[in-house]
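Student: These protein sequence lines map, in sequence, to chains A and B. First residue of the first sequence: 1, per the numbering used here; consecutive thereafter. First residue of the second sequence: 1, per the numbering used here; consecutive thereafter.
Note that these hints are calculated values from the structure, not bench results. Among the clues, some could well be false.
Pair by pair, the computed Cβ-Cβ distance ranges are [to be verified]: (1) B:Q52 with A:T188: 25 to 33 Å; (2) A:L54 with B:Y151: 19 to 27 Å; (3) B:S232 with A:W243: 33 to 41 Å.
Here are a few chain A residues that sit away from chain B, every Cβ distance over 10 Å (derived from the structure) [said to hold, decoys possible]: (4) V24; (5) K72; (6) F175; (7) V196; (8) G234; (9) W243; (10) R302.
DSS-like, lysine-lysine: derived pairs with alpha carbons at most 30 Å apart [as the list claims (entries may be wrong)]: (11) B:K441 with B:K477; (12) B:K410 with B:K477; (13) A:K137 with B:K22; (14) B:K441 with B:K347; (15) B:K441 with B:K410; (16) A:K72 with B:K441; (17) A:K181 with A:K137; (18) A:K72 with A:K137; (19) B:K347 with A:K181.
The beta-carbon is built from N, C-alpha and C at its ideal position, and this holds for glycine as well.
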Amino acid sequence: MPRTSHWLLRGLRHVDGILLTLVVLVLGISLAVVTSASGQSPVRISGHLVNMGLALVLMVLIANVPPHLLSKVGPPLYATGVILLVGVALFGEIRNGARRWLDLGFIAFQPSELLKLALPLMLAWYFQRNEAVLRAKHFMVGGILLLVPFLLILRQPDLGTALMLGASGFYLLFFAGLPWKVILGGATLGAASLPVVWGLMHDYQQRRVLMLLDPASDPLGAGYHIIQSTIAIGSGGLFGKGWMQGTQNQLDFIPERTTDFIYAVFGEEFGYAGAILLVCLYLAIVARGLVIAARAPTLFGRLMAATLSLNLFTYVFVNMGMVSGILPVVGVPLPLMSYGGTALVTLLLGMGILMSVATHRQLNKS
Amino acid sequence: MPLATPLKNLDRELARFHGRLKAGGIFVVLLAAALLGRAFYLQIAQHDYYIQRAENNRISLVPVAPNRGLILDRKGRILAENYSAYTLELARAQPHDLEATLTEVGKLIEITPGELRRFRRLLAESHEFETVPLKSKLSDEEVAILAANRYRLPGVEVKARLFRNYQAGPGMAHVVGFIGRINDRDLKSLRESGREQNYRGTVHIGKTGLEQSYETLLHGRTGFDQMETDASGRAVRALSRIPPVPGKDLRLYLDEGLQAVAEHAFGDYMGGLVALDPNTGGVLALVSKPGFDPNLFIDGIDPETWKALNESPERPMVNRVLRGIYPPGSTIKPFMGLAGLELGVRKPEDTIVDPGYFSLPNSSHQFRDWKRGGHGIVDLRRAITQSCDTYFYKLAVDMGIDRMHDYLQKFSFGEKTGIDLDGESAGLLPSRDWKQRRWKKIWYPGETVIAGIGQGYHLTTPLQLATATAMLANGGKRIEPRLVQAVRDPLTHVWQPQPVVVHEQLAIKPEDLAVVRQGMMDAMRPGGTAAAAAAGATYTIAGKTGTAQVVGIKQGARYDAGSLSRKNRDHALFIAYAPAENPTIVVAVMVENGGHGGSTAAPIARAVFDYYLTGKRPGNMKFEGSDASD
Numbered sequence: 001m002p003r004t005s006h007w008l009l010r011g012l013r014h015v016d017g018i019l020l021t022l023v024v025l026v027l028g029i030s031l032a033v034v035t036s037a038s039g040q041s042p043v044r045i046s047g048h049l050v051n052m053g054l055a056l057v058l059m060v061l062i063a064n065v066p067p068h069l070l071s072k073v074g075p076p077l078y079a080t081g082v083i084l085l086v087g088v089a090l091f092g093e094i095r096n097g098a099r100r101w102l103d104l105g106f107i108a109f110q111p112s113e114l115l116k117l118a119l120p121l122m123l124a125w126y127f128q129r130n131e132a133v134l135r136a137k138h139f140m141v142g143g144i145l146l147l148v149p150f151l152l153i154l155r156q157p158d159l160g161t162a163l164m165l166g167a168s169g170f171y172l173l174f175f176a177g178l179p180w181k182v183i184l185g186g187a188t189l190g191a192a193s194l195p196v197v198w199g200l201m202h203d204y205q206q207r208r209v210l211m212l213l214d215p216a217s218d219p220l221g222a223g224y225h226i227i228q229s230t231i232a233i234g235s236g237g238l239f240g241k242g243w244m245q246g247t248q249n250q251l252d253f254i255p256e257r258t259t260d261f262i263y264a265v266f267g268e269e270f271g272y273a274g275a276i277l278l279v280c281l282y283l284a285i286v287a288r289g290l291v292i293a294a295r296a297p298t299l300f301g302r303l304m305a306a307t308l309s310l311n312l313f314t315y316v317f318v319n320m321g322m323v324s325g326i327l328p329v330v331g332v333p334l335p336l337m338s339y340g341g342t343a344l345v346t347l348l349l350g351m352g353i354l355m356s357v358a359t360h361r362q363l364n365k366s
Numbered sequence: 001m002p003l004a005t006p007l008k009n010l011d012r013e014l015a016r017f018h019g020r021l022k023a024g025g026i027f028v029v030l031l032a033a034a035l036l037g038r039a040f041y042l043q044i045a046q047h048d049y050y051i052q053r054a055e056n057n058r059i060s061l062v063p064v065a066p067n068r069g070l071i072l073d074r075k076g077r078i079l080a081e082n083y084s085a086y087t088l089e090l091a092r093a094q095p096h097d098l099e100a101t102l103t104e105v106g107k108l109i110e111i112t113p114g115e116l117r118r119f120r121r122l123l124a125e126s127h128e129f130e131t132v133p134l135k136s137k138l139s140d141e142e143v144a145i146l147a148a149n150r151y152r153l154p155g156v157e158v159k160a161r162l163f164r165n166y167q168a169g170p171g172m173a174h175v176v177g178f179i180g181r182i183n184d185r186d187l188k189s190l191r192e193s194g195r196e197q198n199y200r201g202t203v204h205i206g207k208t209g210l211e212q213s214y215e216t217l218l219h220g221r222t223g224f225d226q227m228e229t230d231a232s233g234r235a236v237r238a239l240s241r242i243p244p245v246p247g248k249d250l251r252l253y254l255d256e257g258l259q260a261v262a263e264h265a266f267g268d269y270m271g272g273l274v275a276l277d278p279n280t281g282g283v284l285a286l287v288s289k290p291g292f293d294p295n296l297f298i299d300g301i302d303p304e305t306w307k308a309l310n311e312s313p314e315r316p317m318v319n320r321v322l323r324g325i326y327p328p329g330s331t332i333k334p335f336m337g338l339a340g341l342e343l344g345v346r347k348p349e350d351t352i353v354d355p356g357y358f359s360l361p362n363s364s365h366q367f368r369d370w371k372r373g374g375h376g377i378v379d380l381r382r383a384i385t386q387s388c389d390t391y392f393y394k395l396a397v398d399m400g401i402d403r404m405h406d407y408l409q410k411f412s413f414g415e416k417t418g419i420d421l422d423g424e425s426a427g428l429l430p431s432r433d434w435k436q437r438r439w440k441k442i443w444y445p446g447e448t449v450i451a452g453i454g455q456g457y458h459l460t461t462p463l464q465l466a467t468a469t470a471m472l473a474n475g476g477k478r479i480e481p482r483l484v485q486a487v488r489d490p491l492t493h494v495w496q497p498q499p500v501v502v503h504e505q506l507a508i509k510p511e512d513l514a515v516v517r518q519g520m521m522d523a524m525r526p527g528g529t530a531a532a533a534a535a536g537a538t539y540t541i542a543g544k545t546g547t548a549q550v551v552g553i554k555q556g557a558r559y560d561a562g563s564l565s566r567k568n569r570d571h572a573l574f575i576a577y578a579p580a581e582n583p584t585i586v587v588a589v590m591v592e593n594g595g596h597g598g599s600t601a602a603p604i605a606r607a608v609f610d611y612y613l614t615g616k617r618p619g620n621m622k623f624e625g626s627d628a629s630d
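Full structure from sequences and hints, please.
Tutor: See the structure below:
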């Protein structure tokens with residue numbers, strides 16, 4: 001690159017073209033679906049565009065930060081997150097029956113959102129630091145680092161977020177080389193303890209699971225969401241009813257249809273063909289992320305890239321599974337599709353980290 | 001392991017990491033396959049099911065109730081009509097809170113506890129896609145308030161609905177009847193007859209009178225609006241419409257003016273009157289006094305009024321013409337006489353000497369004539385004219401109860417006449433068989449004797465008497481009485497005449513019939529039992545008086561509430577037709593506790609004849625109806 005290049009163009013050097021293309025494609029679909037689902041609400045559409053623009057700028061900025069600097073952010077970010085979680089437990093604001101929000105006067109936010117990036121960064125930093133001498137004890141420490149925020153979020157209570165966070169932590173341990181026998185042993189133990197977990201679950205959590213087994217049991221109550229979203233998706237057929245033509249969508253039958261249930265709108269209006277396209281785009285993003293991970297020169301880069309990729313798809317699976325009625329209703333947005341700034345920023349920050357890992361190979365080696 | 005070179009270690013670590021990446025990739029692909037598998041199941045395999053579910057969500061069929069047919073008298077005067085009023089109705093919204101909406105509505109307009117109770121009952125009975133009425137007959141102000149607040153009342157609708165009005169008043173209540181809210185029993189019968197679908201969106205159904213018996217024609221066919229509705233049940237737009245077919249209008253034989261004259265002629269008396277056209281069976285007037293206001297029943301009668309009506313000793317709810325049963329008394333005599341002639345038991349010229357009583361052979365019991373000392377030498381014609389009991393005692397014995405029963409049955413005694421109203425009583429025509437079945441006793445000869453003058457077990461309705469008298473007037477045609485003359489198709493506006501139903505043509509020898517008719521004409525002339533009632537008539541009347549002992553109306557025992565002296569009086573009966581030479585009208589009158597038929601019942605018939613044949617009204621009568629002619 002010639003030195004005379006504009007600083008803006010230099011900044012774009014660290015953008016991964018393939019990843020950016022895929023992300024923008026999904027965001028484009030999202031814009032179309034939010035437009036339809038919001039009844040062409042100008043407020044929603046412009047809000048969505050602003051969120052996208054902001055998130056994309058942040059993504060590019062993060063992409064320009066070299067991985068070794070990013071890794072250093074891990075410990076303080078993690079510590080802040082955990083402290084805030086403790087703060088929530090002590091002083092948090094109760095909304096919808098759970099203590100999840102922290103009101104800082106000027107802004108109310110959920111510290112659990114912070115942990116989505118902080119936990120992988122922390123763990124990746126930790127394993128990178130101990131790369132040469134990695135032993136069982138390090139995995140145990142990693143497990144504790146994972147469990148602390150997991151348990152704090154679990155007792156808010158927010159089972160969905162806790163499990164998503166747990167998954168991201170687990171992926172990192174997995175890619176760091178957590179032995180298969182530990183994984184299988186843990187899985188067996190987990191399955192065996194399911195009845196105990198069931199007993200510890202809150203009423204509404206149990207209901208959500210039961211609802212999944214038989215949504216018709218409460219068609220006007222909690223089962224209503226699942227029933228209406230499956231009707232929407234099913235009635236879409238092969239090619240869908242067409243953009244802005246979904247009756248389930250247009251006539252208010254789908255709940256939360258710009259946010260958590262946006263896949264129902266998409267499925268209704270774009271059909272099975274649309275679903276295949278969308279899932280393939282997600283798979284392509286994951287594939288690109290795994291390629292970046294495979295080529296990453298440092299353990300930190302490898303772990304972050306692989307974990308963020310798998311994590312993204314976990315969100316996709318949990319959301320789509322919920323909306324299409326094979327998973328319980330948990331408040332998880334569909335990555336890059338759902339309306340909502342916080343989730344989008346967190347996600348694209350993750351994409352920025354992937355790009356940083358992808359584009360700082362040579363620089364780091366030198 | 002501590003001895004391994006860092007480079008080698010790195011290679012091994014990388015190889016393991018790449019293995020993990022593959023595992024992760026496979027994991028993701030499996031998850032994606034699960035998602036797409038589920039999508040395939042929903043969108044391809046079960047697509048038909050879910051598209052149907054979505055359509056059911058989206059499209060609701062809103063029933064459009066048809067306009068109920070009108071009921072008009074023979075001159076086109078309206079007896080039952082419709083008017084529209086606004087009602088407040090609530091959609092059975094799925095995701096919305098009905099209770100909250102009810103509370104909101106209650107803050108805006110007054111909802112009485114009764115209306116709320118009714119609403120909840122209707123809600124439980126209604127279909128998911130129907131709106132349920134909460135309050136009817138809204139004032140203009142209430143309509144305006146609701147319209148202004150509609151945006152925050154999901155599922156609330158103000159609808160224009162039709163209500164029924166009976167402007168003809170109590171005098172017509174027993175003919176026209178009334179409609180009332182569809183109750184569980186109505187619903188059950190609608191369901192059983194497969195008409196339930198046609199009553200969606202309809203609130204009322206005929207309960208009594210013509211409203212009940214012509215329900216199917218009056219109701220029409222329910223139409224449907226196919227509406228696209230949103231999740232809150234609010235209609236977004238109309239997709240298509242199957243228009244309702246209005247009910248058919250009914251035109252009666254009955255003349256509102258004649259009805260009013262007849263009712264007026266009763267004065268303070270209670271009782272029943274029916275006037276028939278002997279050639280068509282058309283019911284020209286049908287009075288049952290006292291009447292009641294049918295408008296009270298349309299939207300549910302309040303318990304106090306209902307109790308008062310139902311428990312009144314005057315029994316205003318009982319249609320005396322159809323359901324009041326009385327011994328025919330002397331009105332049976334023309335039919336007995338005809339039976340004697342037709343069966344060959346008597347010849348017209350046969351006479352008896354009436355000593356003032358009749359005794360059975362080998363019996364000292366005297367069956368007395370109403371006239372002390374008797375009527376002297378009487379033939380059949382004279383026996384009818386003077387209502388000689390002894391003649392008919394003897395005739396009955398000579399004829400025997402079996403032949404008497406079989407012959408009288410041909411005149412509709414003991415059988416329903418088949419009038420186009422529900423709830424008609426068949427009365428009772430006694431026979432040997434009947435007594436054996438009913439009482440497990442043999443028939444006694446003395447019972448035959450009193451049967452000859454219409455006493456004993458024999459019970460008849462005024463309608464049966466009129467139908468039988470019409471057979472004397474028309475030469476033996478037993479015609480089913482009909483209130484409805486023609487039915488108008490609401491779309492073509494063409495009046496379709498209803499057929500005259502001749503139940504049976506009885507072969508009567510004209511010379512036999514002539515004797516009886518002469519006797520009845522003589523009864524209206526000086527020397528006859530009802531001569532006073534025919535005085536000054538410009539046409540000839542043939543009639544027969546009668547009295548019925550007070551046992552008739554079934555619950556007669558309750559009459560002690562009324563005045564004792566009046567209660568003990570017999571019911572007065574009178575049958576007649578006119579003009580005698582070419583009859584166009586037949587009347588049967590029953591006046592409760594009226595005493596002798598000639599003095600109370602016959603003048604009522606005379607008033608009816610006068611109005612029908614000459615247009616003359618009783619002098620002291622104000623009649624506000626119009627005389628609009630066809």
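Student: Work down the list of hints and note, for each, if the structure agrees.
Tutor: Checked hints:
1. A hinted range of 25 to 33 Å for the beta carbons of Q52 (chain B) and T188 (chain A) is inconsistent with their spacing of about 44 Å.
2. At about 35 Å, the beta-carbon gap between L54 (chain A) and Y151 (chain B) misses the expected band of 19 to 27 Å.
3. Distance hint check: the CB atoms of S232 (chain B) and W243 (chain A) are about 24 Å apart, inconsistent with the given range 33 to 41 Å.
4. Annotated as non-interface, V24 (chain A) keeps its C-beta farther than 10 Å from every C-beta of chain B; the closest such distance is 21 Å.
5. Separation of K72 (chain A) from chain B is adequate, the least Cβ-Cβ distance of about 22 Å exceeding the 10 Å criterion.
6. The Cβ of F175 (chain A) sits about 5 Å from the closest Cβ of chain B, inside the 10 Å cut-off, so the non-interface label is violated.
7. Every beta carbon of chain B lies more than 10 Å from that of V196 (chain A), the smallest distance being close to 26 Å; the non-interface claim holds.
8. At the 10 Å boundary, the C-beta of G234 (chain A) falls inside the reach of chain B, the nearest C-beta of that chain being 3 Å off.
9. The Cβ of W243 (chain A) sits about 16 Å from the closest Cβ of chain B, beyond the 10 Å cut-off, so the non-interface label holds.
10. Not every Cβ of chain B is farther than 10 Å from the Cβ of R302 (chain A); the closest lies at roughly 6 Å, contradicting the non-interface assignment.
11. Between K441 (chain B) and K477 (chain B) the alpha-carbon distance is near 35 Å, which puts this suggested pair outside the 30 Å criterion.
12. With a C-alpha separation of about 10 Å, the suggested pairing of K410 (chain B) with K477 (chain B) holds against the 30 Å cut-off.
13. For the suggested pair K137 (chain A) and K22 (chain B), the alpha carbons sit about 26 Å apart, so the restraint of at most 30 Å is met.
14. Annotation: proposed proximity of K441 (chain B) to K347 (chain B) is violated, straight-line Cα distance about 34 Å (limit 30 Å).
15. Restraint check: the Cα-Cα separation between K441 (chain B) and K410 (chain B) comes to about 25 Å, which is no more than 30 Å; the hinted pair holds.
16. Among the hinted pairs, K72 (chain A) with K441 (chain B) is inconsistent with the structure: their alpha-carbon atoms are about 118 Å apart, more than 30 Å.
17. For the given pair, K181 (chain A) sits about 16 Å from K137 (chain A) by alpha-carbon distance, which is consistent with the 30 Å threshold.
18. Annotation: proposed proximity of K72 (chain A) to K137 (chain A) holds, straight-line Cα distance about 22 Å (limit 30 Å).
19. Under the criterion of a C-alpha separation no larger than 30 Å, the hint pairing K347 (chain B) with K181 (chain A) is inconsistent with the structure, at around 125 Å.
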